[in-house]
Each structure stands twice: as C-alpha cells, then as structure tokens.
Amino acid sequence: MNTVAPVFEDAEKGSSLWHDAWLRLRKNKLALFGGSVLLFMVVVALLTPWIAPYSYEAQNLDLGASPPSAAHWLGTDIFGRDVLTQIMYGGRISLAVGFIATAVALLIGVTWGAVAGYVGGRVDAVMMRLVDILYALPFMIFIVLLMVVFGRNILLLFLAIGAVEWLTMARIMRSQVQSLRQQEFVEAAVSVGLSPAAIIRKHVVPNALGPIIVYTTLTIPSVMLLEAFLSFLGLGIQPPATSWGLLISYGAETMEEYPWLLIFPGCALTLTLFSLNFLGDGLRDALDVRGSKD
Amino acid sequence: MLRFMFIRILQALPVIFVVITATFFLVRSAPGGPFDQEKIVIPEVKKALEAQYRLDLPLHEQYFAYLGDLAQGDLGPSFKYPGRSVNEILFSGLPVTAELGLYALIIALCIGVTAGVFASLRPNTAQDYVPMSLAMIGICMPSFLLGPLLVLVFGIWLDWLPITGWGDIPGDKILPAVTLGSAYAAYIARLSRAGMLEILSQDYIRTARAKGLPEWRVVTQHALRGGLIPVIAFLGPAFAGLLAGSFVVETIFQIPGLGRFYVQAAFNRDYTMILGTTVFLSSLIVFFNLVSDIIAAWLNPRLRHQFQGGSS
Amino acid sequence: MALLNVDNLSVSFVTRNGTNKAVDNVSFSVEERQITAIIGESGSGKSVSCYAMLGLVPSPPGRIDGGTAHFQGRDLLALSEDELRAIRGRDIAMIFQDPMTCLNPFMKIGDQLIEPLTLHKGLAKGPAREQAMALLDEVGIRDPQAAMSAFPHEFSGGMRQRVMIAMALINEPKLLIADEPTTALDVTIQAQILKLIAELQTKRNIGVLFISHDLAVVSDIADQIVVMEKGKVVESGQPKAIFDNPQHPYTQKLLAAIPSGQKAADTVTPDPLIRIDNLRTWFTPTGGADPVKAVDDVSLEIHRGEVLGLVGESGSGKSTLGRSILRLVPITGGQITFEGTELSSLEGRSLKQFRHRMQMIFQDPYASLNPRMTVYDTLAEPLLLHGLVRKADLDQAIRELMDNVGLARAFVRKYPHEFSGGQRQRIAIGRALATRPEFIVADEPVSALDVTIQAQILDLLADLTKEYGLTMLFISHDLAVIRQIADRIAVMYHGKLVEEGSTAQVFETPQQDYTRSLLAAIPGANAA
Numbered sequence: 048m049n050t051v052a053p054v055f056e057d058a059e060k061g062s063s064l065w066h067d068a069w070l071r072l073r074k075n076k077l078a079l080f081g082g083s084v085l086l087f088m089v090v091v092a093l094l095t096p097w098i099a100p101y102s103y104e105a106q107n108l109d110l111g112a113s114p115p116s117a118a119h120w121l122g123t124d125i126f127g128r129d130v131l132t133q134i135m136y137g138g139r140i141s142l143a144v145g146f147i148a149t150a151v152a153l154l155i156g157v158t159w160g161a162v163a164g165y166v167g168g169r170v171d172a173v174m175m176r177l178v179d180i181l182y183a184l185p186f187m188i189f190i191v192l193l194m195v196v197f198g199r200n201i202l203l204l205f206l207a208i209g210a211v212e213w214l215t216m217a218r219i220m221r222s223q224v225q226s227l228r229q230q231e232f233v234e235a236a237v238s239v240g241l242s243p244a245a246i247i248r249k250h251v252v253p254n255a256l257g258p259i260i261v262y263t264t265l266t267i268p269s270v271m272l273l274e275a276f277l278s279f280l281g282l283g284i285q286p287p288a289t290s291w292g293l294l295i296s297y298g299a300e301t302m303e304e305y306p307w308l309l310i311f312p313g314c315a316l317t318l319t320l321f322s323l324n325f326l327g328d329g330l331r332d333a334l335d336v337r338g339s340k341d
Numbered sequence: 094m095l096r097f098m099f100i101r102i103l104q105a106l107p108v109i110f111v112v113i114t115a116t117f118f119l120v121r122s123a124p125g126g127p128f129d130q131e132k133i134v135i136p137e138v139k140k141a142l143e144a145q146y147r148l149d150l151p152l153h154e155q156y157f158a159y160l161g162d163l164a165q166g167d168l169g170p171s172f173k174y175p176g177r178s179v180n181e182i183l184f185s186g187l188p189v190t191a192e193l194g195l196y197a198l199i200i201a202l203c204i205g206v207t208a209g210v211f212a213s214l215r216p217n218t219a220q221d222y223v224p225m226s227l228a229m230i231g232i233c234m235p236s237f238l239l240g241p242l243l244v245l246v247f248g249i250w251l252d253w254l255p256i257t258g259w260g261d262i263p264g265d266k267i268l269p270a271v272t273l274g275s276a277y278a279a280y281i282a283r284l285s286r287a288g289m290l291e292i293l294s295q296d297y298i299r300t301a302r303a304k305g306l307p308e309w310r311v312v313t314q315h316a317l318r319g320g321l322i323p324v325i326a327f328l329g330p331a332f333a334g335l336l337a338g339s340f341v342v343e344t345i346f347q348i349p350g351l352g353r354f355y356v357q358a359a360f361n362r363d364y365t366m367i368l369g370t371t372v373f374l375s376s377l378i379v380f381f382n383l384v385s386d387i388i389a390a391w392l393n394p395r396l397r398h399q400f401q402g403g404s405s
Numbered sequence: 235m236a237l238l239n240v241d242n243l244s245v246s247f248v249t250r251n252g253t254n255k256a257v258d259n260v261s262f263s264v265e266e267r268q269i270t271a272i273i274g275e276s277g278s279g280k281s282v283s284c285y286a287m288l289g290l291v292p293s294p295p296g297r298i299d300g301g302t303a304h305f306q307g308r309d310l311l312a313l314s315e316d317e318l319r320a321i322r323g324r325d326i327a328m329i330f331q332d333p334m335t336c337l338n339p340f341m342k343i344g345d346q347l348i349e350p351l352t353l354h355k356g357l358a359k360g361p362a363r364e365q366a367m368a369l370l371d372e373v374g375i376r377d378p379q380a381a382m383s384a385f386p387h388e389f390s391g392g393m394r395q396r397v398m399i400a401m402a403l404i405n406e407p408k409l410l411i412a413d414e415p416t417t418a419l420d421v422t423i424q425a426q427i428l429k430l431i432a433e434l435q436t437k438r439n440i441g442v443l444f445i446s447h448d449l450a451v452v453s454d455i456a457d458q459i460v461v462m463e464k465g466k467v468v469e470s471g472q473p474k475a476i477f478d479n480p481q482h483p484y485t486q487k488l489l490a491a492i493p494s495g496q497k498a499a500d501t502v503t504p505d506p507l508i509r510i511d512n513l514r515t516w517f518t519p520t521g522g523a524d525p526v527k528a529v530d531d532v533s534l535e536i537h538r539g540e541v542l543g544l545v546g547e548s549g550s551g552k553s554t555l556g557r558s559i560l561r562l563v564p565i566t567g568g569q570i571t572f573e574g575t576e577l578s579s580l581e582g583r584s585l586k587q588f589r590h591r592m593q594m595i596f597q598d599p600y601a602s603l604n605p606r607m608t609v610y611d612t613l614a615e616p617l618l619l620h621g622l623v624r625k626a627d628l629d630q631a632i633r634e635l636m637d638n639v640g641l642a643r644a645f646v647r648k649y650p651h652e653f654s655g656g657q658r659q660r661i662a663i664g665r666a667l668a669t670r671p672e673f674i675v676a677d678e679p680v681s682a683l684d685v686t687i688q689a690q691i692l693d694l695l696a697d698l699t700k701e702y703g704l705t706m707l708f709i710s711h712d713l714a715v716i717r718q719i720a721d722r723i724a725v726m727y728h729g730k731l732v733e734e735g736s737t738a739q740v741f742e743t744p745q746q747d748y749t750r751s752l753l754a755a756i757p758g759a760n761a762a
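Residue numbers (our numbering), protein chains in the order written: chain S, 48 to 341; chain P, 94 to 405; chain D, 235 to 762.
So that you can see chain S by itself, here it is in the shape it has in the complex (with noise of 0.2 Å):
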C-alpha cells in the first residue's frame, strides 16, 4: 500500500515502531543470546533424526550406564542408550508440546479476548464471566485428574495445556483491545467511517500485537514447565517417547549412581527456559515504550 511514485520522489524514509523495537532488542545482549540458544536448539529439534549420532532405540546392555566418554559425549543410561541422543529425541517431544500448546492457546484467546474487548456491552460480560470462572477452577488438580482418567494421550496433553493458558491470553488480549477502543485514533476511524472489522484489523490488532508477542514467549516456558512437571509424575508422556521431563525423572531415581543422568536432561530443560524468558523479557523491554510522545 505504500507504493509512492514520483510525486514523492524525495521522500525521507520513515522509521516504523517495528523498526526501532528491533534496533533496541537489537542492543539487548541477554535477549540475544537468548534467541540465538533457542534458534540452536529448534534447529536440532528439526534435524534431530539426520543429525543424533545414534539411533534412538539403539542399547548396548554390555556397557550399561557409563560416564561421559569419547564415544559418548554425555553418557549412557542404563540401558546403555546414548544420553546425548535420548535428549535430542526428548526436546523433540518438550519443544513440540511447548509450541503447539501455546499456538492453541493463542489461537483461542486472542480471537475470545479480542471479541470481548471489541464487542463490549452484554457479550463481554457473559464471555469474561466465563474466563473468571474456569480461572478460579484449580487447574492443577484438574489436568492431573484427566491424565489419569483419559490415558496417557500426547494429543489430549496439548488441549489440557492449551485449555490452562487461553484464559490469560484472553484476559490480556480484552484489556488491550478495550484500551486500544478509548484511543482516539479508533475514535478517528471510525468517524472517518471504517467498518468494524476493518478498524479490528487496520487500527487494533496491530497495535495490540505488542503484548500478545511478549505473553506468547513468556508462556511457552511455562507450557514446558507444565509438561514436564506431568511427566516426572508419570502422567504426561509415556514410554517409548521420551521427554525432558521423563529424562529428568529417572535421572533423578538414579542419581546417586549416575549423576550426569540427571544433570545433562537437567541442564537442557534449564537452558532452553532461560533462552525462552531472557528473549521475552527482552521483547517486552522493546516493544514497551510507544516511541517518544514529545
């Protein structure tokens, strides 16, 4: 749309807010280094089948668990399956569950938050009286209850999860859209005599993107936090698919013996959240300021 022929052919180039977010996360070290560890590590997720040096079901039972050795950068379990391979295999699993779970999540409540907070009037009141009450519903409990009822199933996993996070990304998403619906700028819109849907998608969800990005980094750790607390009590992934959580917690039966079972699975897990929530508290700090108002 911003094709300018040559009645502006001196036109001095513009700096969107986009623009100067990235060049102040640009600045940011820390949310750097978190999104390039976190590059890395879907990149090995991706190419995890080409790539682990041994195959996944691959035992040695002759050697058994063994220390970090030459042919085993981080050790064997006692099986002697290779460490490294097993979580290559698992992250493959956490990371999955982690970005698919927070892309349903997303999915449901930026649509739920941003009817509510557009429509406003009755409509909101009934689907926010709705959020309320599922929020107050101790959530915990409820997940460990369907695990165990339903089986072990990794689809049923990811709407669980999915069914916890959409109420707060709905929450965020109405106060953003309601807020945004006072400005005068949708005020302006509308009385240039935009229709609804094209103020929602010209005027709003741009500007409302800002806090659903940072929310949607910040959740996907906390997704993979979920599973894998639910699989170190069993009722997350089941055997043969492994996980992080599941690595971490026969590490963890075994790790008077066998330390690195624990520590490697341990660290990964530990790395990847860390990457996660450096990179969003990085986003937030550059999506945050508006560009100066004076």
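None of these hints come from the bench; they were simulated from the model.
Quick caveat: nothing in here was measured; it's all calculated off a predicted structure.
One or more of the hints may lead you astray.
As the list claims (entries may be wrong) - Straight line, CA to CA, 20 Å or less: simulated EDC-like cross-link-like pairs of lysine to aspartate or glutamate:
hint	chain 1	residue 1	chain 2	residue 2
1	S	LYS60	D	ASP629
2	S	LYS76	P	ASP221
3	D	LYS586	S	GLU56
4	D	LYS625	S	GLU231
5	D	LYS342	P	ASP221
6	D	LYS355	P	GLU308
7	D	LYS355	D	GLU315
8	S	LYS249	D	ASP611
9	S	LYS60	D	GLU315
Dock chains P and D against the given chain S, drawing on the hints supplied.
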C-alpha cells in the same frame, strides 16, 4: 467493603459446585473401577463391596447421595484402605502439607520481597542484575529438578542435611521447604521489583523527597504500600501453585502429606479419595484466592471506598 | 541581598543517545517577599533548573556541570545530600503541577501533612495534627478535621492543590517553588489558587519562584519575569517592561502567541446547517447507580460558514456534545438534524455515507494518529474509503493535502512518533479535511500544544475554514482562544447550555453568573 466481600463469596460458590460436579463425573467415567487392579475377586464379593460403596446405583443417584454426604462434611470411605475414611486420611496428611506450605511461603516472601525491593532501588546496576539473575534461575529450574539437585549436593555429596522424612530427623524440613519455596521466591522477587519500580517513578515519590524525607523512609513509608500490592494479589495463585508443587516435593522427599496421597489415589482409582481430595483442595484454593483478592482490594483506598459507596 | 541567587547554572543529561544540555548558564534571582516567574515552553529547562538546585534530579542521567545557587548565604549546589535534605521541606518547599498524582493515594491526607513537621521539627503527632488542621483551614479547606482522615482521591483537583500548598507551607519555609501549579486545573479554580498563593505570599512574607508556560497567568502576580528558551535565559525584567517593550525575538514571539483580540463580526446569514433539539446523552454505569448526564437537554443551532465556540470547564459535557453530533457516542434522547436529515436515526450504510461530510479533530495529536501508519496511509485511508479519488490520482491528492496543512512533502513516509506535537496536529487536520467535509468538530485542538505552536495551528484553522468554506464547532476551555476564533459562543455547565450569543455579546454583556465568573477568571488582566 462488606458488599464486595459478599459478591466475591457468591461468585466463589458456583466454582466449587462446578468442581465437585465435574470431578465426580470425570472420575466415574474413567475406564476401570477401583477393584479391577486387585487380584481376582469372587463376583459375589465384588458385588457386595460395590453395594457397600453404592456403586450399583445409577450414576446420578450416586451423585446426589454424594452431595448429601458432602453437606454433612462426610467425604466417604476410602476404596483403597477399607475401614479408613477419606476424612481420616486427609486430615492426617493436612497438617504436614500445611506446615510444608507455610515454611515454603515464608521463605518465598522473605527472600522474594527483600531481593525484589533491593533490586528496584538501583535498577540496571549490579544491585539489580545479581538478584534478578538468581531469580531467573529459580523460575527456570523446576522443583523436580532443583529438589534432586539439592539432595545430591547437600544430602549425598556434602551430607549436611537429611533427605527424606518429615519431623523424624532434625533438619529434614529444610530441603523440602527450600525446594518448594524457591520458584515462588523468584516470582515474588520479580513481581515486587516491577511493582516498586512502577511506584518509584510516580510523582508522589518526588513529593516525598521534596519534603526532605530520607530515602529509606521514602521507600518504606511511601513506596512499599503501593509496590507490594501485586505481591499480595499473587498470593492466591501462589497458594494454588504451592499445593501443586507439594505433589512433587512430597514425592521426592517421601513426605506423608496430602500431595502424595493425592497422586497415589489418582493412580489407584480410589474414587472417593480422589473426589474428596479434589473437593477439599479446590475449596482451599478458592478460599485463598478469595482472601487474597479481598486483601488486595482493601489495600487500595480507591477500591475500598468505591465498595463502601463513598465518593470517588 | 536576594533570597535566592542562581548564577551560571548548567545541567546536562547523559543518555545512551548522547549528552543533552538542558540548562545552559542560567542566572536568575528571587528577592525576599517577591514572586519571580520563570516562563518557558517544554524543553526550555525551567523545571530542571529548580529541581537541580534541590538535588531532585536523578543523578545518573542528570549531571550538574557548574554554577552556584546561593540561598541564605549557602551554595545549595555545594551542600551534601544530608544538608540538602534538611533544607528541603523546611526552608525551601515545592508544589507541583498535577495534584492528582502528587499526593500518595495510599496515605491519609493527615498523615502526609504532618510528615514535614515530625521530620524537621521533631514534633509529636498530637501538636503536629493541630498545626496541620490550622493550616488546612488557612488554605480554605472547609472541614479540616474530616479532611485529615480522608484519602486524596476523595478531593477535587483544586482542593488537592490546596492540600499540597498547606503541606508545603507547614514548616514556614522562606522560599516556595511552584512548578506549574495551576496548569492542570480548570480556569475558575486556577484563578482561586493563584489568588491563594498571592495572599499567602504576602501574609507569610515568603519568596516564590513560579514556573509556568503561560505569560498571561504570571502577569497578574509576578514581580519579576524570567524568560527561558532551550536551556538559556533570553530575557528578564519586570512584567510591565516585558509586556510593553520585549527585547528578545523569542519573548516577542511568546507575546504575539497569546490569543488576543476578538474576531471581527462577520455578517453571517443565519442558515442553520446543524440543529440540535433537546439532546440528551446520558451514561449509565453498570451497577445501576445514577446516570451521568453528560449532555442534558441541550438545544442549539450551528449556522453554515460560522465558527461556533463551545466553552466549558471539565465535566461540562462539551466534548460529549461534539462526539454526540458525530455519532461517536450513543445518544439517549433528542434529535440532531444535518441539513434537514435526521442524524440520530441513521445506521450502517446510510450513516457511513454521511460521515464524510462531518469530521473531527481531537485534542491529543499523538493519541489521534495510528502509531503504525505513515502519513501517507493516514491520509489515504479516508480518500480511498469514500471513493473520492481514483488510485492513479491518490498521490496527487495527498500532496495537495500536505501542502494545505503546511507539512513538508518529504515527510510523507514517516510515522507519527517521528514528528513534533504541532506537526502531528497538522496531519490530523489533513486527515479531517481529506473528505472535503462541510462540518468539523475541533475538540480542544490546541490545548495540548506549546503556546507558540498553538498560535500557528489556530491561524491554520482560521485560514482553512475560510478556504474550504467550513462550518466549525470549536470546543475549548480557553476563553481567550475562543474569543479570537469564534463568531458565536455557547457556554456549557454541568451538561446544560447556560448562555449563547455572539462573541461580542457574551464578552461584553454576559447574562449569566457562571459566564461572568468564567470571564473574571481569565488570567492576564494586566497584559497589554
């Protein structure tokens, strides 16, 4: 204020009701009954047991009977441990979990608030980065990782602290409480830092300084009141989280508390136990959320007056 | 000897983007028992100079580069933090601009009030409260006892400012620094507070350093005026000298920018473009409390080609009236007729078709532009929406608009945050004019702008009204501005229309008491 409290309490009741109903039907609809895992039971004996536990009635009748019992405070007999009632088991585990939760919360509040306020006084300096980095670690290291690590380091390698039990050996309460409290210390540190930073940038802090108040008084008399409101509001969800966290911590440290019973009951399909514990824990959580909401609202004079019908 | 003597003060701010010299070799003084006013627009350094003296500028990023500030024989800039703290609140006191945010909302008024006493004079709570109540009475608070246990949000802006004044004077300081104390207040309240400050100053024999952007306001009370621009003092002297014979071009510019004069009475043939009959816009809060009657039974006519000035203080309903006409808020009752068509009944498509004939200019230029759209996008939107130009002619149309509102064409691809307040308002005006409307509602279009920019935008609006043949509803709380631009005036108070007439009529022969009190409150009676 009373009107506000009343409304809140009214709002809480349907929640508890939904919890009871949903749990009831969820548990009952699960495949398998509480006795299926036992060794083969003679069909007549199984029938008699089912009758005793009312399993032969149609589902909705079981439901209403259960509600009736609940109204009298009777959570029913345990399936798994004949002769013992759910109430009994719950209340044996409750004091343990409560004590654990209390210590964890105290640790979390003391460390968290101190670190957060301290960091907020000199933002973007070492005084800020160090506590906040530690806080970040606390957030990123889940209790089921931290616990075993602490056990490994302090219990096994250094052998300073006992690693199982509760109340048996002096010092055995330290590691569990620290494990459970750390994550919350981290959240509270971040919350109080953010809250304090927000307040310290307000105009009325400048007024306080212009009056000649020494900085420590500016912080304690003027800033803390507003700055800690987010922390108070967080206590409700924190309580729920502490409860959930106790599942893990009690499992790791072999503590006979509610959390461990709950997890076991879930595995064993002990219907009444699951139901009873869920209802009980949920009610507790709802209650604590209520209290924390009310306190947070009360601390804000504007809200306090709004609900008293004063001018605003 | 002067009470306060500031000599060659320089203060800079060191940030990641460079060092900014906020105060550059500034000198001024305050005599005992006199009021010195420092005048400047935003960025002039007027506030920073005073904060720096008292050590209230946060030390990174602020830095005092040099100079002295002698107060009662001591150089404030050379004192230690402890020594300065002893002076703050005891010998030198400050009051600030926004009483809403300057009082601690979580503390009772009484507790805040006695703090300077218990701190500096070591008084016990009992006697301190006695003194506090006496002072509340002195500043005009009606029920001091009740006030002591109240919270700030229970008071109006004017009352809160009185409390702040009480808090400042409670230790009987020698010098009072007032940083824009009346800027956030309504015009009538402003007059009261100014009077209060002047009275207290005489009664208690204190020196006052009064910071403001409004020459008219200080001309009434100041003994000496110091004018600052971009960190430097450009002129100083007695008010009469400054007003009659300004030396520096910036001072002259400031004086010229004060809205003055009265619009020449045009012979406008009464031809109502818009008729408002018994309009009611009520807001009912959820919870069933009494509705807020923002616009209560207002009937009005706006004639084609005229500028109708709508005057009122905050809460009068003037903004809501403007928005009601434009159908930006739902109407509760009554009728609005635009050239014969009943607006209040239009919906959907038919309303949309009407929209391009009436547009609005808002008060806050930053908030009224979508921060993620360039100038091009913002101006193109209305043009494309109403199909007023073909795609091929779009660039040309935008260029014309920018020329008409005085925006350099080179800026067409820039975003709102890259512009100054005045430029942003020009963009907003451009957007309003894009659809060639017949009627424009201007809601406090210059209130958020610096005084010199204000004058430019007012001139622009006046020119455009003539050039485009516009009918305008000009809403403002500033009577001087209205006088300059409006043909007729309507006065609103608490949702009702109180008085109506031509500008000359209303100013020379006001009929209602409220109008009279508004007129009396206009500052600058001593101005040329």
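Please flag the earlier hints that this structure goes against, numbers listed from lowest up.
-> Hints 3, 4, 5, 9 are the ones this structure does not satisfy, whereas the remaining hints hold.
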